[in-house]
Amino acid sequence: MLNHLRPLFLPAALFATAPAAHGAELTVNYLLGDKLEAAIGAGMRVAPRYLGSRDTSVTLVPVVYAQRGVFFIDSSRGAGLQLLTDGGFYVSQSVHYDQGRGVKSSLLRPGGRDLAGMGEVPGSATWHTLIAQQLTPALSISAEADVTLKSRVDRHNLRVGAEWNVIDAGAERVALGANIHAGNGRYNQAYFGVTDAQAANSRFATYRAAGGLYAVSVSAQWEHRLAEHWYSSVQLTAMPFAARAGDSPLVARKNPVDLMTTIRYAY
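Numbering (the working numbering), first residue to last: 1 to 267.
Please keep in mind that the hints were generated in silico from the structure rather than gathered at the bench. If a hint is listed, it holds; no wrong ones were tucked in.
The calculated label-pair distances, taken between Cβ atoms and stated as ranges, are:
hint: 1; residue 1: 169; residue 2: 135; range: 15 to 21 Å
hint: 2; residue 1: 208; residue 2: 38; range: 42 to 48 Å
hint: 3; residue 1: 116; residue 2: 83; range: 41 to 47 Å
hint: 4; residue 1: 242; residue 2: 137; range: 30 to 36 Å
hint: 5; residue 1: 236; residue 2: 201; range: 33 to 39 Å
Beta carbons are placed, not taken as given, at the ideal position from N, Cα and C, and that holds for glycine.
Using the sequences and the hints, build the whole thing.
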């Protein structure tokens, strides 16, 4: 699945750091860049143990980012290539990882003991695509997709949304975001469905989760520059589930809230 640990406010940071391709000319200097830009830090996330869980977990979130020219590594998107045009169009392609879901409570991946008998949702490397367009200095739109690469898994997850910078001045930045989240049939069945075999081995009734919209989300983020190179951020996200997910017996919390705080050093 799209990594729900990641901030939902990607576009503004991308437009600020990604190198711009002037016209159609992709020179060697552009491809390799003239300097390395990087950030490292950590954060804390308070959120449901898995999509729909009634239980809350507190987990440590690593913050790692590095880019040079078109090449980047990002703890939220994996490793890959990126391009930004003079017109404010951004696109990146990377290899990331979908952790799947376990049947034990763990700090390392989504899951919970209350899923006993459901079996694991297998993890998989994913082909991750992000497209964004800056419409005005304060408004951008984006679409993000993950497609699993593991044989016979075939899960597709899509996010489409918009971000508005309410405040972007001095040491402060406040942004609001809104997104819709959709999955193909295999994705929604994996995370919200219950097969006959799973129902026979667990406490959940059979449920077929068709592909399509499974949630919407609204978010608010405050970023503060603490000192030269040092930044902190707080992000609050509410993600009510749509009917095809909200009606699932696996979803005990239909309107989950996610809080994430981070601190990072950028250079």
